[in-house]
Structure formats: C-alpha cells, structure tokens
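Q: This is what each chain is made of:
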Amino acid sequence: MTREEIIQPENLVYKKPTLLNDEPMHYCPGCSHGVVHKLVAEVIEEMGMEEKTIGVSPVGCAVFAYKYIDIDWQEAAHGRAPAVATALKRLMPDRLVFTYQGDGDMACIGTGETIHALNRGENIVIIFINNAIYGMTGGQMAPTTLIGQKTATCPYGRDVKLHGYPLKMTEIAATLAGTCYVTRQTVYSVGAINKAKKAIKKAFQLSMEGKGSSLVEIVSTCNSGWKLTPEKANQWMEENMFPFYPLGDLKDNSTKE
Amino acid sequence: MAKFKGATVVDTNRCKGCNLCVVACPLHVLALTTKNVNAKGYPYAQTVLEDTCNGCSSCAIVCPDGCISVYRKKVE
Ligand SMILES: Cc1ncc(C[n+]2csc(CCOP(=O)(O)OP(=O)(O)O)c2C)c(N)n1
Ligand code: SF4
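Sequence lines, in order, name chains A and B. In this text, residue positions in the first sequence follow this note's numbering: the first is -12, and each later residue adds one. In this text, residue positions in the second sequence follow this note's numbering: the first is 174, and each later residue adds one.
Among the hints, a few may not be true.
Some residues of chain A that are not near chain B, with every Cβ distance over 12 Å (derived) [as the list claims (entries may be wrong)]: (1) C18; (2) L26; (3) E37; (4) R67; (5) M79; (6) T98; (7) I134; (8) L149; (9) V174; (10) A179.
Pairs of lysine-lysine, PhoX-like flavour, derived with a Cα cap of 25 Å [as the list claims (entries may be wrong)]: (11) A/K219 to B/K176; (12) B/K247 to A/K219; (13) A/K2 to B/K247; (14) B/K246 to A/K243; (15) A/K214 to B/K213.
Since the hints were derived computationally from the structure, they do not count as laboratory data. Quick caveat, the model's predicted, so the values are computed rather than measured. C-beta atoms are modelled at their ideal positions from N, C-alpha and C, and glycine is treated no differently.
Could you put the whole structure together from the sequences, leaning on the hints where they help?
A: Here you go:
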C-alpha cells in the first residue's frame, strides 16, 4: 500500500477542528494553551453550538484566543471574565458562555469575580489554565506557584515565609454551593487529552442544562516561563505539579436533580 | 503485522518544532528536520519511518498547533 493510497479523504481519521482557523497561534512551541484551544473547538463542534457560543478571553497569553476559534468572543479586563460572562449568560440564556483564563488572571487579580460568579451558580463554565506562573509577562510568581519553584520574581524559589502558600482555587470552588461540576485535568498525553475533552464537554452541557457553574482546571505547562523544553516541561509537571494539584473530579452534581 | 496502515500529513509551515509529536509516537515514525527550517525558522516534524505508521493519531492529538492530519486504511 502506497502513501498516496492511504492519503485519501475517506481514510482521514484526525484533523484539527474546523472551528480552529488557519491563523498561526502565537503561543510558544509546545504550550498547553494550543491543545486546550483544540479541545474547546472540538467540543463546540460536536455539540453543534458553533453559532451559539460566546467565549470570554482573558488577559494573559490567551488574550488572543478570539483570533483562533471562530465563535463569538468578548475580551474582558484582567480577571473580570466571570463578571462579563455572568452578564452575557443572563442576557442570552440560550448561549453557551465560557471563560478561558490563566492562573494569574483567574486566581490572582480575578479571585473575587471568580469566587462570586461560581458561588452565585451562574450557568457558565470557567476553563482555568494553571501553569503556576505568569506566562505573558515573563514568568513571574503567581498565587499558584509551587513552594520552592523558581520564577523571575522568586529566583531562589517560592518561600512560604515571604510569599505565602500556593492557592488551590479548584478546591475552593468545590466547596461553593453554586458549582455543579469541578474537575482538574491535564493535556500532556493522549489519555489525559481525551479525559480533559470529556470534562470540557460535560461542563458545557451542564451549563446549557442550567445546573450551575462549572470549573475545569487544566494543569498546564509554560515551558518558556519554566525555562524547559516542552518535553522536559511535561516531565516537570508530572513530578511536581500533579502531587500538589491532583487530577480528577472534585465535585460532580450532574446526576443530582 | 499491523492491521492498519497509516500516514501523517504535517502542515510544515504551521509547525513550531516543539517535538511533542515525536515523543508521543509509540512507533518513532516522526522526527524533526535537522537541516531544513520552515518559513518561520522552526525545524518541523516529518515522517522518517513511512511504512511503520498505523494511523493511531497520537502525534496529531498531542500537537498543540493542530498541524497534523492522519489517514488510516485497513490492510486487506
Ligand atoms: C490590570 C492589569 N494588571 C496587570 C497586567 C499585566 N499582566 C498581563 S498578563 C498578566 C498575567 C498573566 O498570567 P496568567 O493569567 O497566568 O496567564 P498566562 O500568560 O500564564 O497564560 C499580567 C499580570 C495587565 N495587563 N492588566
Ligand atoms: S509564555 Fe508560557 S503560557 Fe505563554 S505562550 Fe509561552 S509557554 Fe504558553
């Protein structure tokens, strides 16, 4: 069998989702953001919600998310995406409304908006990219930075006495009455990517069923900020991030009435 | 013998040479170019073991930039 015989339209088993357009993404080579963008686009396509989805993009590396996924978008001021999403969803309840936020955006400057939107049980989804660092601005310490982790602003490693403890927003979200689905996923392997996709789909579906707020944390890499190759960044994440940010569902009310 | 034959098509100008597909392929079908770079100056993924691919799509699934399309045909 020749290569030409295999490369026929009827044999196509994987291609990037159509919603993810051909605009080259500005993310660093190997950055987790790209994988999550693909998953979001795939899920929206599978749900047939291309014309009815509104994303709220953050401040951070994903600020340009609106350039890559061909749905409606609203850009929010730093950390304010859950407040903007609240308004969008209340005004247009038939729309699928989600925010896409980094840890600097969502777990630092936007902590207030995030907790209150989740606690109010707004029918929105927050996709939370936790790479334990401020990527866009050059790798500064974030609230999520691990103890001992070196960043541009804690070059000797995060010191609890000086910087306090890493913040687990997802654990907090799980305690809030307004949330229906809270999960922590990652996208570093084929298996993990499939699971993360299912989680995003479930969260999107629950928001359309009016079951309350969902938070999907994706433990991610920022290989540029971490100063590692993409491959080494995945290993570092597995060894250091997963023990502190364990993967899996923290809350699932999907079967409750 | 593999029951399926596969082939990958890489959008070489979209590729950023992150190497994650190379690592993800269980059959070591892909490698980055060592001499050529694309229009953006990145080395890019290419098929080096053409006959080996079974179309499992691991490379394409992990690709952060959606550069890889995969084809799969059953061996008669
Ligand atoms: C009001 C305001 N304060 C600070 C900044 C600077 N700033 C831009 S992005 C960013 C943090 C981004 O980090 P994160 O949300 O973790 O996203 P990442 O870039 O890692 O994906 C900060 C502090 C800003 N743009 N606006
Ligand atoms: S700086 Fe980090 S988070 Fe931003 S695109 Fe690069 S790898 Fe991704």
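Q: For every hint, state whether the structure bears it out.
A: Status of the hints after comparison with the structure:
Listed as a non-interface residue, A/C18 fails to keep its Cβ farther than 12 Å from every Cβ of chain B; the least gap is roughly 6 Å. Once the 12 Å rule is applied to beta carbons, A/L26 is inconsistent with being away from chain B; the minimum gap is 10 Å. Listed as outside the interface, A/E37 is consistent with that label: its C-beta sits roughly 17 Å from the nearest C-beta of chain B, beyond the 12 Å cut-off. Look at A/R67: its CB is around 27 Å from the nearest CB on chain B, clear of 12 Å, so calling it non-interface holds up.
The beta carbon of A/M79 is kept farther than 12 Å from every beta carbon of chain B, the shortest such distance being approximately 29 Å. Distance check on A/T98: its Cβ is at least 28 Å (rounded) from any Cβ of chain B, clearing the 12 Å threshold; non-interface status holds. For A/I134, the non-interface assignment is confirmed: its Cβ lies about 28 Å from the closest Cβ of chain B, beyond the 12 Å cut-off. Against the 12 Å criterion, A/L149 stays outside the reach of chain B, whose nearest CB is about 34 Å from its own CB.
Non-interface call for A/V174 relative to chain B: violated, since the shortest CB-CB distance, roughly 8 Å, does not exceed 12 Å. Separation of A/A179 from chain B is inadequate, the least Cβ-Cβ distance of about 9 Å not exceeding the 12 Å criterion. Proposed proximity of A/K219 and B/K176 is contradicted: the alpha carbons are some 33 Å apart, above 25 Å. Restraint check for B/K247 and A/K219: not satisfied, since their Cα atoms lie roughly 35 Å apart, outside the 25 Å limit.
For the given pair, A/K2 sits about 19 Å from B/K247 by alpha-carbon distance, which is consistent with the 25 Å threshold. Pair hint B/K246 plus A/K243 does not hold up; C-alpha atoms about 43 Å apart against a cutoff of 25 Å. A distance of roughly 21 Å separates the Cα atoms of A/K214 and B/K213; the hinted pair therefore holds under the 25 Å criterion.
Hint violations for this structure: numbers 1, 2, 9, 10, 11, 12, 14, all remaining hints satisfied.
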